[in-house]
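Use the sequences and the hints to build the structure in full.
Same order as they appear, the protein sequences are chains A and B. Here the first sequence is numbered in this note's numbering, starting from 6 and rising by one per residue. Here the second sequence is numbered in this note's numbering, starting from 124 and rising by one per residue.
Think of the hints as simulated: they come from the structure by calculation, not from any bench. A couple of the hints might just be wrong.
The list that follows gives simulated cross-link-like pairs (lysine to any residue, SDA-like), each with its CA atoms no further than 25 angstroms apart [stated by the list, open to error]:
#  : chain 1 : residue 1 : chain 2 : residue 2
1  : B       : 226       : A       : 72
2  : A       : 41        : B       : 125
3  : B       : 165       : A       : 77
4  : B       : 180       : B       : 141
5  : B       : 226       : B       : 135
6  : B       : 186       : B       : 124
7  : A       : 41        : A       : 90
8  : A       : 41        : B       : 202
9  : B       : 226       : B       : 204
10 : A       : 45        : B       : 147
11 : A       : 46        : B       : 193
12 : B       : 182       : A       : 90
13 : B       : 180       : A       : 72
14 : A       : 41        : B       : 226
15 : A       : 23        : A       : 100
Here the structure is a predicted model, which is why all the values come from computation and not from measurement.
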Amino acid sequence: ETGVTQTPRHLVMGMTNKKSLKCEQHLGHNAMYWYKQSAKKPLELMFVYSLEERVENNSVPSRFSPECPNSSHLFLHLHTLQPEDSALYLCASSRETRGLSSYEQYFGPGTRLTVT
Amino acid sequence: EDQVTQSPEALRLQEGESSSLNCSYTVSGLRGLFWYRQDPGKGPEFLFTLYSAGEEKEKERLKATLTKKESFLHITAPKPEDSATYLCAVQASNSGYALNFGKGTSLLVTP
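Following this line, the structure appears as structure tokens:
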């Protein structure tokens with residue numbers, strides 16, 4: 006048990022739907038991350054929140070919208086997705102580093118998203 | 124540009140047959156190198172962090188080592204339950220929060 010939970014575990018949505026992914030961490034961390042994992046590709050960092058402030062946004066299309074209401078919860082709001090957005094979406098958390106120190110990130114089980 | 128290359132892409136071992144996985148990296152300055160294990164349909168599970176050349180860490184049948192250009196994950200006398208994809212990630216001095224992941228090595232250990 007990694008202490009990071011994600012819901013739902015599986016999601017099928019049409020291109021015109023709006024849905025949200027939820028992540029919760031029980032590790033007392035202050036930094037949270039969204040990653041995308043596609044087949045045969047390395048994990049791609051999407052967003053980073055540190056102390057509830059977005060600190061990194063790696064050229065992610067606006068159809069993905071993150072929200073971090075507190076240091077334990079992270080959401081990814083989805084709308085008007087494309088079939089190429091189908092992937093495993095992973096949430097992670099770590100100790101807050103202000104981008105200076107290096108601490109391991111702990112991952113949740115992921116949400117398998119299929120866009121039809 | 125920072126790069127992480129893992130080899131081999133896939134490895135099949137007999138139970139008890141020791142081997143090593145490689146992670147070669149190119150970064151402007153290494154802040155940390157991480158090894159993760161990922162089972163199908165699950166998120167990556169943290170294994171080790173290495174910070175400087177010469178450092179070694181062990182956990183059960185796994186041992187991770189680090190040089191200035193690469194890291195090895197040595198698997199001694201593997202068991203079928205060691206079958207998984209092993210991911211390497213590096214954090215560069217100028218990369219902020221980002222971890223740069225390799226594509227992973229898929230390990231299959233047969234009885």
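Hints and how they fare:
no., hint, verdict
1, B:226 x A:72, "violated, 28 angstroms"
2, A:41 x B:125, "holds, 19 angstroms"
3, B:165 x A:77, "holds, 21 angstroms"
4, B:180 x B:141, "holds, 17 angstroms"
5, B:226 x B:135, "holds, 17 angstroms"
6, B:186 x B:124, "violated, 28 angstroms"
7, A:41 x A:90, "holds, 9 angstroms"
8, A:41 x B:202, "violated, 30 angstroms"
9, B:226 x B:204, "holds, 21 angstroms"
10, A:45 x B:147, "holds, 18 angstroms"
11, A:46 x B:193, "holds, 20 angstroms"
12, B:182 x A:90, "violated, 36 angstroms"
13, B:180 x A:72, "violated, 36 angstroms"
14, A:41 x B:226, "holds, 13 angstroms"
15, A:23 x A:100, "violated, 31 angstroms"
Violated hints, listed in ascending order, are 1, 6, 8, 12, 13, 15; each of the other numbered hints is respected by the structure.
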